[in-house]
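The listed protein sequences derive, respectively, from chains C and Y.
Each residue of the first sequence is one higher than the one before, counting from 1 in my numbering.
Each residue of the second sequence is one higher than the one before, counting from 1 in my numbering.
Incorrect hints may have been included.
Identical copies look the same in the list; a pair holds intra-copy or inter-copy alike.
As the list claims (entries may be wrong) - With a cut-off of at most 27 angstroms between alpha-carbon atoms, the simulated DSS-like pairs for lysine-lysine come out as follows:
| # | residue 1 | residue 2 |
| --- | --- | --- |
| 1 | 131 | 76 |
| 2 | 131 | 198 |
| 3 | 199 | 259 |
| 4 | 199 | 214 |
| 5 | 198 | 101 |
| 6 | 155 | 259 |
| 7 | 259 | 131 |
| 8 | 114 | 96 |
| 9 | 91 | 155 |
| 10 | 214 | 198 |
| 11 | 76 | 198 |
| 12 | 12 | 155 |
| 13 | 155 | 114 |
| 14 | 131 | 121 |
| 15 | 121 | 154 |
| 16 | 259 | 198 |
| 17 | 121 | 29 |
| 18 | 66 | 96 |
| 19 | 214 | 66 |
| 20 | 114 | 101 |
No wet-lab data here; the hints were simulated from the structure.
Here the structure is a predicted model, which means the values were calculated and not measured.
Protein chains: 2
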Amino acid sequence: MNSPLAWPVTFKNNIIYVLDETELPLEEKYIEVKTLDEALRVLGQMKTRAFGQVLLFFYTCAISNKIDEIAQEFLKTRPTFDFFLLSRILKEVFEKTNDIKSAVDILLDNFEKKRRNRVKKLASILPDYSKILTICNVSGELVYLYEALRDIGKKVAFYVSETRPYLQGSRLTFWELNRNNIPVKLICDNQSAIIMEKKLVNCIITGSDRSTIKGDIINKIGTYPLAVLANYYNIPFYSLVQYPSDIDVNEIVIEERPKEEIFMFINSSHIYAHLDAIYMSFDITPSELITGRIDMEGNLR
Amino acid sequence: MNSPLAWPVTFKNNIIYVLDETELPLEEKYIEVKTLDEALRVLGQMKTRAFGQVLLFFYTCAISNKIDEIAQEFLKTRPTFDFFLLSRILKEVFEKTNDIKSAVDILLDNFEKKRRNRVKKLASILPDYSKILTICNVSGELVYLYEALRDIGKKVAFYVSETRPYLQGSRLTFWELNRNNIPVKLICDNQSAIIMEKKLVNCIITGSDRSTIKGDIINKIGTYPLAVLANYYNIPFYSLVQYPSDIDVNEIVIEERPKEEIFMFINSSHIYAHLDAIYMSFDITPSELITGRIDMEGNLR
Numbered sequence: 001m002n003s004p005l006a007w008p009v010t011f012k013n014n015i016i017y018v019l020d021e022t023e024l025p026l027e028e029k030y031i032e033v034k035t036l037d038e039a040l041r042v043l044g045q046m047k048t049r050a051f052g053q054v055l056l057f058f059y060t061c062a063i064s065n066k067i068d069e070i071a072q073e074f075l076k077t078r079p080t081f082d083f084f085l086l087s088r089i090l091k092e093v094f095e096k097t098n099d100i101k102s103a104v105d106i107l108l109d110n111f112e113k114k115r116r117n118r119v120k121k122l123a124s125i126l127p128d129y130s131k132i133l134t135i136c137n138v139s140g141e142l143v144y145l146y147e148a149l150r151d152i153g154k155k156v157a158f159y160v161s162e163t164r165p166y167l168q169g170s171r172l173t174f175w176e177l178n179r180n181n182i183p184v185k186l187i188c189d190n191q192s193a194i195i196m197e198k199k200l201v202n203c204i205i206t207g208s209d210r211s212t213i214k215g216d217i218i219n220k221i222g223t224y225p226l227a228v229l230a231n232y233y234n235i236p237f238y239s240l241v242q243y244p245s246d247i248d249v250n251e252i253v254i255e256e257r258p259k260e261e262i263f264m265f266i267n268s269s270h271i272y273a274h275l276d277a278i279y280m281s282f283d284i285t286p287s288e289l290i291t292g293r294i295d296m297e298g299n300l301r
Numbered sequence: 001m002n003s004p005l006a007w008p009v010t011f012k013n014n015i016i017y018v019l020d021e022t023e024l025p026l027e028e029k030y031i032e033v034k035t036l037d038e039a040l041r042v043l044g045q046m047k048t049r050a051f052g053q054v055l056l057f058f059y060t061c062a063i064s065n066k067i068d069e070i071a072q073e074f075l076k077t078r079p080t081f082d083f084f085l086l087s088r089i090l091k092e093v094f095e096k097t098n099d100i101k102s103a104v105d106i107l108l109d110n111f112e113k114k115r116r117n118r119v120k121k122l123a124s125i126l127p128d129y130s131k132i133l134t135i136c137n138v139s140g141e142l143v144y145l146y147e148a149l150r151d152i153g154k155k156v157a158f159y160v161s162e163t164r165p166y167l168q169g170s171r172l173t174f175w176e177l178n179r180n181n182i183p184v185k186l187i188c189d190n191q192s193a194i195i196m197e198k199k200l201v202n203c204i205i206t207g208s209d210r211s212t213i214k215g216d217i218i219n220k221i222g223t224y225p226l227a228v229l230a231n232y233y234n235i236p237f238y239s240l241v242q243y244p245s246d247i248d249v250n251e252i253v254i255e256e257r258p259k260e261e262i263f264m265f266i267n268s269s270h271i272y273a274h275l276d277a278i279y280m281s282f283d284i285t286p287s288e289l290i291t292g293r294i295d296m297e298g299n300l301r
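Please work from the sequences and hints to get the whole structure.
Structure below.
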């Protein structure tokens with residue numbers, strides 16, 4: 001069982017192939033990227049995100065090796081993600097190998113194994129019948145989680161919050177679970193509270209674009225209220241996190257995206273172009289609302 | 001200043017004219033209704049809702065006077081709304097007048113005045129610069145509220161939550177405020193928490209389809225989490241309520257609507273017809289989370 005979202009960006013013969021996540025679930029097509037400018041364009045248009053950003057960053061370094069410059073430009077385009085951290089990790093390996101492509105290879109080699117391992121850890125602490133609410137998309141890891149739960153004889157049902165305005169929950173998570181015949185129901189974001197109240201779910205699992213040493217997570221807008229509600233209804237809230245940044249939470253810049261995306265619900269969204277909206281696309285969930293964080297090494301804390 | 005949504009259903013020469021709210025904001029058109037069956041159809045399709053349902057119920061009684069039967073059929077179509085309560089109110093007046101059309105006239109005569117009066121009461125307790133977050137649509141009363149606040153020299157800004165899946169916030173409230181040049185910004189529902197955290201709003205105001213003696217309100221799905229969040233961030237939460245029902249909160253049936261409405265975000269929503277979703281379209285906000293309720297008589301409690 002797998003999901004195209006588990007490895008949405010690949011690299012072959014100096015060309016980066018980026019799964020266009022904005023076209024899912026209607027079409028599964030790939031964009032060819034050969035330069036930093038092209039990489040920044042697909043990044044800004046959110047053609048790829050989450051784990052795809054990590055892969056795109058490493059592969060972009062592989063084609064030009066100007067690691068610092070690339071990190072700077074990537075960060076300008078998607079300020080919420082910690083590309084400096086990725087550049088530090090890459091430079092450490094690069095210093096030893098002196099070949100950028102080998103450095104990227106070494107770094108990515110164990111990634112799938114690490115991701116599968118950490119969801120096994122998570123599966124071991126989840127309920128025997130895990131009714132999981134999730135938001136946005138955790139880049140294929142929920143498919144791994146389903147397998148890990150099934151392998152130890154636990155039942156699973158997923159509830160996916162649609163995740164307005166870009167609908168990554170509906171378009172990506174719902175799609176990747178459904179195509180693997182995993183039990184899944186879609187809800188609109190407004191129903192998160194009522195399904196917790198009615199005990200239709202017994203745990204919340206999210207990803208995280210970034211996390212702090214203290215354990216706060218920065219993730220798609222809507223994650224913070226999920227954690228407040230989970231605490232109110234006494235439901236555990238787990239997060240699959242990136243390597244933690246040593247940045248102070250107050251220094252983190254929350255990306256504001258073009259307000260037009262808020263108005264995209266109607267075909268003729270151009271008639272709204274002059275109207276006003278707010279679109280802070282990420283939020284910060286304080287550590288005290290999070291039951292557990294599982295990092296890339298499988299540590300739970 | 002007014003909103004077509006403040007009186008969305010009218011009655012003339014035995015024909016009921018129903019503003020088709022599902023076509024807003026692109027088109028302002030009216031559906032002619034002459035029979036109970038036609039009334040039930042526009043009700044089931046949510047062509048009208050909230051205060052429009054009240055008007056549609058009374059006018060449907062005016063054309064056939066079978067009050068009990070009409071209440072029963074209306075309730076089957078929209079179980080969350082208390083049509084029995086409306087039928088009791090109407091029958092009281094009907095017994096005195098013996099003419100159903102006069103009874104409806106008498107009942108509705110003071111409605112606009114009452115609604116304007118109660119928002120004056122609400123305006124008097126809101127902050128000098130009222131930054132108001134709202135959800136769904138309060139049938140034109142927020143336009144009255146804006147006037148009431150302005151008349152006593154208070155500044156106002158509205159934030160409207162889009163209210164998935166039917167988007168009544170975006171399509172109705174945002175539209176009616178904007179067309180009156182009232183300052184308003186649209187947010188997707190997922191941003192409610194962050195704008196409270198960042199103090200962009202200092203009060204929440206919602207309507208209510210129904211309320212209990214104890215003070216719980218039943219309103220569009222998404223209202224309950226707003227109240228939980230408002231309490232978490234210590235922001236007052238007010239609700240403009242209907243006449244209270246004497247029903248116990250556990251007896252209230254929450255309407256579940258066709259799951260197709262959840263999938264309507266993509267044009268080709270038919271490809272999802274076989275897939276699974278949940279759509280509980282209302283939720284119940286417990287009284288202890290509500291700062292104040294303003295009823296039709298202007299009482300605040």
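Hint check results:
{"no.": "1", "hint": "131 to 76", "in the structure": "neither (38 angstroms within a copy, 31 angstroms between copies)"}
{"no.": "2", "hint": "131 to 198", "in the structure": "within (12 angstroms within a copy, 32 angstroms between copies)"}
{"no.": "3", "hint": "199 to 259", "in the structure": "between (35 angstroms within a copy, 20 angstroms between copies)"}
{"no.": "4", "hint": "199 to 214", "in the structure": "between (30 angstroms within a copy, 24 angstroms between copies)"}
{"no.": "5", "hint": "198 to 101", "in the structure": "neither (51 angstroms within a copy, 44 angstroms between copies)"}
{"no.": "6", "hint": "155 to 259", "in the structure": "between (41 angstroms within a copy, 24 angstroms between copies)"}
{"no.": "7", "hint": "259 to 131", "in the structure": "between (34 angstroms within a copy, 20 angstroms between copies)"}
{"no.": "8", "hint": "114 to 96", "in the structure": "within (22 angstroms within a copy, 78 angstroms between copies)"}
{"no.": "9", "hint": "91 to 155", "in the structure": "neither (43 angstroms within a copy, 54 angstroms between copies)"}
{"no.": "10", "hint": "214 to 198", "in the structure": "between (32 angstroms within a copy, 21 angstroms between copies)"}
{"no.": "11", "hint": "76 to 198", "in the structure": "between (42 angstroms within a copy, 23 angstroms between copies)"}
{"no.": "12", "hint": "12 to 155", "in the structure": "neither (39 angstroms within a copy, 59 angstroms between copies)"}
{"no.": "13", "hint": "155 to 114", "in the structure": "within (23 angstroms within a copy, 55 angstroms between copies)"}
{"no.": "14", "hint": "131 to 121", "in the structure": "within (17 angstroms within a copy, 45 angstroms between copies)"}
{"no.": "15", "hint": "121 to 154", "in the structure": "within (14 angstroms within a copy, 56 angstroms between copies)"}
{"no.": "16", "hint": "259 to 198", "in the structure": "between (34 angstroms within a copy, 18 angstroms between copies)"}
{"no.": "17", "hint": "121 to 29", "in the structure": "neither (33 angstroms within a copy, 57 angstroms between copies)"}
{"no.": "18", "hint": "66 to 96", "in the structure": "within (17 angstroms within a copy, 87 angstroms between copies)"}
{"no.": "19", "hint": "214 to 66", "in the structure": "neither (31 angstroms within a copy, 65 angstroms between copies)"}
{"no.": "20", "hint": "114 to 101", "in the structure": "within (21 angstroms within a copy, 73 angstroms between copies)"}
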